[in-house]
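K.L.:
Can you make the complete structure from the sequences, with help from the hints?
Protein chains: 4
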Amino acid sequence: MARRGAGAGREPVTHQLTEAVQGQYHYTIGPYSSPVLSVKPGDRIVVETRDAFEGAIKTEQDMPTQKLRMPFLNPQNGPIMIEGAEKGDVIAVHIESMVPRGQNPRGTCCMIPEFGALTGTTYTATLNNPLPEIVRKINLDEKRVLWSDRVTLPYNPHIGTLSLSPEIDSINSLTPDQHGGNMDLPDMGPGSITYLPVRSPGARLFIGDAHACQGDGEVCGVAVEHETITTIRVDLIKNWAIEWPRMEKEEFIMAIGSARPLEDATRIAYRELVRWMAAEYRFDQWDAYMLLSQCGRVRLGNFVDPKYTVGAAIPKKYILDPA
Amino acid sequence: MARRGAGAGREPVTHQLTEAVQGQYHYTIGPYSSPVLSVKPGDRIVVETRDAFEGAIKTEQDMPTQKLRMPFLNPQNGPIMIEGAEKGDVIAVHIESMVPRGQNPRGTCCMIPEFGALTGTTYTATLNNPLPEIVRKINLDEKRVLWSDRVTLPYNPHIGTLSLSPEIDSINSLTPDQHGGNMDLPDMGPGSITYLPVRSPGARLFIGDAHACQGDGEVCGVAVEHETITTIRVDLIKNWAIEWPRMEKEEFIMAIGSARPLEDATRIAYRELVRWMAAEYRFDQWDAYMLLSQCGRVRLGNFVDPKYTVGAAIPKKYILDPA
Amino acid sequence: MARRGAGAGREPVTHQLTEAVQGQYHYTIGPYSSPVLSVKPGDRIVVETRDAFEGAIKTEQDMPTQKLRMPFLNPQNGPIMIEGAEKGDVIAVHIESMVPRGQNPRGTCCMIPEFGALTGTTYTATLNNPLPEIVRKINLDEKRVLWSDRVTLPYNPHIGTLSLSPEIDSINSLTPDQHGGNMDLPDMGPGSITYLPVRSPGARLFIGDAHACQGDGEVCGVAVEHETITTIRVDLIKNWAIEWPRMEKEEFIMAIGSARPLEDATRIAYRELVRWMAAEYRFDQWDAYMLLSQCGRVRLGNFVDPKYTVGAAIPKKYILDPA
Amino acid sequence: MARRGAGAGREPVTHQLTEAVQGQYHYTIGPYSSPVLSVKPGDRIVVETRDAFEGAIKTEQDMPTQKLRMPFLNPQNGPIMIEGAEKGDVIAVHIESMVPRGQNPRGTCCMIPEFGALTGTTYTATLNNPLPEIVRKINLDEKRVLWSDRVTLPYNPHIGTLSLSPEIDSINSLTPDQHGGNMDLPDMGPGSITYLPVRSPGARLFIGDAHACQGDGEVCGVAVEHETITTIRVDLIKNWAIEWPRMEKEEFIMAIGSARPLEDATRIAYRELVRWMAAEYRFDQWDAYMLLSQCGRVRLGNFVDPKYTVGAAIPKKYILDPA
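Residue numbers (my numbering), protein chains in the order written: chain A, 1 to 323; chain B, 1 to 323; chain C, 1 to 323; chain D, 1 to 323.
Calculated from the structure, these hints are not laboratory results.
A quick note: this is a predicted structure, and the numbers were derived from the prediction, not measured.
Treat each hint with caution, since some may be false.
No distinction is drawn between identical chains; accordingly, a pair holds when it is met within one copy or between any pair of copies.
[Stated by the list, open to error] For lysine-lysine, the following DSS-like pairs were computed, each having C-alpha atoms within a straight-line distance of at most 30 angstroms: (1) Lys316 with Lys143; (2) Lys87 with Lys67; (3) Lys249 with Lys40; (4) Lys316 with Lys87; (5) Lys137 with Lys67; (6) Lys316 with Lys249; (7) Lys137 with Lys316; (8) Lys143 with Lys249.
P.N.:
Right, here's the structure in full:
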């Protein structure tokens with residue numbers, strides 16, 4: 001069901017976005033940084049992503065308050081220019097594969113003071129003492145995440161932060177919004193296609209923040225952060241005016257909203273899904289609204305960042321023509 | 001893994017809570033109404049639930065603004081007294097089965113002015129004109145919900161509203177809170193066990209608001225409302241001091257929070273789940289917190305009622321002993 | 001500008017609602033308690049209010065967690081029946097005077113664990129350790145509140161909790177809502193008239209929670225709580241269909257909303273004020289809306305209770321006829 | 001009580017930031033634009049501000065949806081470089097005077113579809129039809145705002161948007177945050193001193209969005225927007241590490257928070273005020289917290305922008321030494 005893009009018939013060229021090609025990673029998503037790569041619609045890019053702490057937390061003794069320095073967090077590869085992209089178009093990002101790289105323990109999780117959902121924060125300002133600072137280094141491979149002696153989790157890699165540049169603003173890589181950003185949706189892994197609205201010439205794609213696994217909401221504020229080789233294919237869909245990111249996988253389509261409070265993120269996601277069903281799947285908008293009340297599915301991305309992210313989805317089986 | 005209750009060894013007695021036995025249904029959950037039944041821990045009750053509109057919407061021409069009268073909505077069976085229950089105990093409600101009753105079309109969905117998630121409401125007060133008033137009558141049986149010519153949904157029955165009485169307050173049946181109430185969690189169907197904290201002598205159990213299916217969030221404010229025969233078994237767990245409702249099914253345990261804004265409901269659910277894991281599954285609380293950041297699952301109940309409901313869950317396979 | 005009520009021409013009878021007449025104070029506002037007094041429209045009532053802790057905190061060594069027992073907080077006088085009041089009417093409560101009573105130190109302030117705006121709470125659930133428990137006993141008289149060696153505040157008495165009964169619910173005295181309740185608006189002192197919608201026969205008026213002074217938001221969760229002799233006059237306005245409480249003083253009219261999140265409380269207050277201006281002061285609704293954008297005044301009641309309260313006001317000089 | 005800055009002893013130089021000197025106005029606040037002026041601490045700047053619509057709405061027939069183009073709204077003068085300013089310092093902006101300029105009607109107010117507090121918006125997404133589009137052109141002078149035949153308001157000029165650049169982000173001029181931005185506080189007029197944290201070399205000051213008057217919350221989303229000659233004096237305070245903007249006037253000090261939901265903005269403001277009192281006015285933090293619960297004052301800036309703004313204040317008479 002994926003939209004046919006401008007690169008559909010082309011033989012894809014494969015580009016390597018290694019650490020060396022990238023050089024300086026970015027901590028803000030905007031139109032002011034220098035491109036690292038220029039590709040054509042349909043091309044493939046093999047990206048060496050860094051972890052959200054840029055490797056600064058090497059042992060369980062490396063405390064975040066000593067090793068991390070705001071706002072230089074969540075390093076992003078990019079910007080990648082896509083030829084022909086203009087305001088009013090959409091870039092489709094197909095994630096083809098993700099594999100971990102680096103020496104084990106590759107994974108990092110931690111509790112950072114005044115960050116996370118179950119603590120006072122910069123925004124939900126309290127006078128309580130902060131929670132303790134704790135670091136976990138976690139062995140993992142392409143199949144499993146060895147959380148503890150007791151718990152082994154499946155390796156479920158996905159991209160936490162995926163963006164196109166805003167038109168004139170530049171937004172730190174911790175914040176999700178209409179441009180994409182730090183959405184932290186566990187669905188955004190291999191097999192997914194993310195649609196992002198183009199707002200500046202060449203689209204300026206940024207990517208980073210790979211997770212080996214993540215629960216809904218990323219409740220302590222940190223997933224199993226790791227560095228990867230992530231392979232994506234990008235395509236260009238001309239003249240598709242969408243306001244917010246969208247996604248599809250084999251089984252469902254999903255609209256994505258990012259806002260505070262959390263009900264506003266959910267409202268955005270569901271409204272965009274109603275509009276999508278009405279515009280492209282021949283639903284009357286009120287029928288779509290009432291049907292979603294019966295079978296809509298909500299995925300909580302993060303509720304720890306400066307804005308929260310929610311995806312609202314409907315299984316494709318309910319929207320495709322029976323024929 | 002279900003907690004062993006006081007009625008565990010007993011041969012259950014089966015009680016019939018028919019419409020005739022019930023007499024007057026209730027629209028407020030509190031300690032001031034007269035009991036309709038008294039049962040022992042372990043007993044089974046077969047309940048004739050009415051739909052959320054108490055049958056007042058019979059055709060697609062019956063407009064909610066003419067047929068419904070606030071606050072006389074969402075009729076509840078009960079109160080059912082459970083012998084021996086006291087403040088500080090917990091009632092476990094096992095839902096054994098749910099079957100639809102009444103003539104087809106049995107199901108009702110509608111759009112009610114200033115009610116639902118994608119419209120201004122009594123609380124999110126706007127000056128916009130309300131959305132149109134629309135009624136849908138829907139045929140359904142024990143297998144399927146015939147939504148439209150185009151869409152057939154599986155019959156996934158569950159209880160929207162399940163409560164014990166507060167200690168001195170009486171709360172309308174549209175609002176969820178610490179006592180349970182209108183949680184609208186699609187997981188609360190056959191095979192589920194819901195744990196509710198007892199706050200008044202005899203517990204005073206109320207039940208109603210059966211849905212034939214419901215999407216996450218119940219976005220238009222109404223599910224496929226229908227009347228049922230719902231069979232439950234109730235048990236009494238002495239001296240289990242919990243603050244909020246909890247649930248378990250075969251695959252997971254879930255803590256439930258109800259509040260506004262939606263992030264507060266989510267915070268409650270996740271904090272209660274951390275506490276549950278620490279108290280009963282030998283987790284250090286920080287390990288539990290960070291682990292949920294990797295594998296927690298969030299279910300959005302409703303985000304249309306006076307308070308919103310969220311369930312936070314963890315698969316049992318991650319918390320049970322390997323032995 | 002006060003509305004002319006049914007008792008306007010009558011010679012008021014004065015009733016004494018002493019502690020002895022009251023007997024048992026109430027912690028929940030509803031239709032299920034026994035009246036303590038029945039009055040006619042226009043009558044005066046002299047009320048002996050207790051402080052919010054019902055005198056349980058006598059010294060700075062009396063810790064709230066040991067002396068207070070939920071939900072038995074914020075004791076209310078009432079219910080007072082007003083003859084002739086029916087659903088669809090309004091009761092006007094004129095506060096004529098408030099004077100402190102009891103031995104000094106009469107005032108109590110404290111920090112209660114997990115209560116207040118700058119701490120994790122039952123609803124904004126965090127894993128942080130609670131703030132310390134601190135009690136302050138404060139001398140005061142009819143002129144001054146002797147906060148500390150350094151700070152003396154003016155005595156600015158007002159009623160924190162003023163309610164009529166809901167129709168079928170009973171709401172704890174800590175929560176504000178459409179029925180009034182724990183609004184904590186510092187404007188609600190001598191000289192104010194509060195309009196409350198009648199929802200049950202006889203209106204069933206409750207009053208309590210006197211503050212010697214209070215800042216906007218009541219940020220630590222507690223004002224200078226004290227017991228008083230509060231003199232009110234009540235009148236009955238037939239057939240005035242309002243949804244939320246309203247207030248007026250010499251200089252302004254104010255609409256009151258209570259909800260979470262705080263923007264919803266503010267939206268309610270401003271929408272009700274637009275409607276009031278349109279219905280009774282000959283404003284076009286859009287002119288009212290845009291004018292309030294230039295001269296509306298917002299008072300934050302509490303943002304610490306289960307629901308937050310906001311008053312939106314406009315000076316009378318802008319709405320009265322110049323003539 | 002104003003902090004003594006680096007420019008305290010200097011004879012101020014006066015700079016003219018006319019429309020011609022400004023050239024291109026800015027719609028995003030960041031480190032990527034070219035400076036228009038460089039001044040020394042203590043210098044005076046006379047600024048020709050444009051109105052929030054940059055003069056595009058000239059008559060009551062000029063519809064916002066036709067004349068305005070996102071994100072090119074709310075034009076800002078600047079960036080002004082202040083010599084010696086570095087990350088960790090503070091810039092104090094003294095507003096000395098504001099006078100309207102341009103031909104009458106100088107003032108513009110309007111209702112913009114999906115913008116404002118009492119309507120569904122981009123973030124509080126609803127399916128309702130938008131409110132009507134209405135434009136008001138308003139005569140005004142240095143004394144009065146002639147709102148309508150019926151209502152004349154006092155001229156109460158203030159600056160809606162005042163900012164220093166973030167370190168690496170660039171934030172549209174409609175959004176308030178830690179850098180200042182679109183705070184819309186009616187107190188920010190002549191006689192006020194605003195303290196803004198420096199995050200980039202030279203501070204990079206932006207200013208704009210003058211209002212002739214504004215109510216609390218700017219409820220319809222637009223004040224009486226007008227162009228002015230605004231005279232400011234800027235000073236540099238070295239090594240004052242504050243996280244959020246602060247303000248002082250003759251009678252009070254005020255801490256400012258911007259966030260969603262509105263309770264978070266209020267929490268930030270009050271926490272910053274507690275910290276300010278503890279750091280500079282010899283208050284124990286718990287005494288400050290409890291005292292603010294008795295005499296704190298809250299000003300609602302806007303609750304219509306992407307983030308909401310709240311100021312929390314305490315009268316100077318309660319914090320200054322009696323001596």
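K.L.:
It remains to establish, for every hint, whether it holds in the given structure.
P.N.:
Hints versus structure:
1. Lys316 with Lys143: Both, since 28 angstroms and 20 angstroms are each at most 30 angstroms.
2. Lys87 with Lys67: Classified as between; 19 angstroms across copies, 39 angstroms inside a copy.
3. Lys249 with Lys40: For Lys249 and Lys40, only the intra-copy Cα distance (23 angstroms) is at most 30 angstroms; the inter-copy one is 50 angstroms.
4. Lys316 with Lys87: within (29 angstroms within a copy, 48 angstroms between copies)
5. Lys137 with Lys67: within (15 angstroms within a copy, 46 angstroms between copies)
6. Lys316 with Lys249: For Lys316 and Lys249, both the intra-copy (9 angstroms) and inter-copy (27 angstroms) Cα distances are at most 30 angstroms.
7. Lys137 with Lys316: Answer is between: at 24 angstroms across copies they meet the 30 angstroms cutoff, but 39 angstroms inside does not.
8. Lys143 with Lys249: both (21 angstroms within a copy, 27 angstroms between copies)
In this structure, none of the earlier numbered hints is contradicted; all agree with it.
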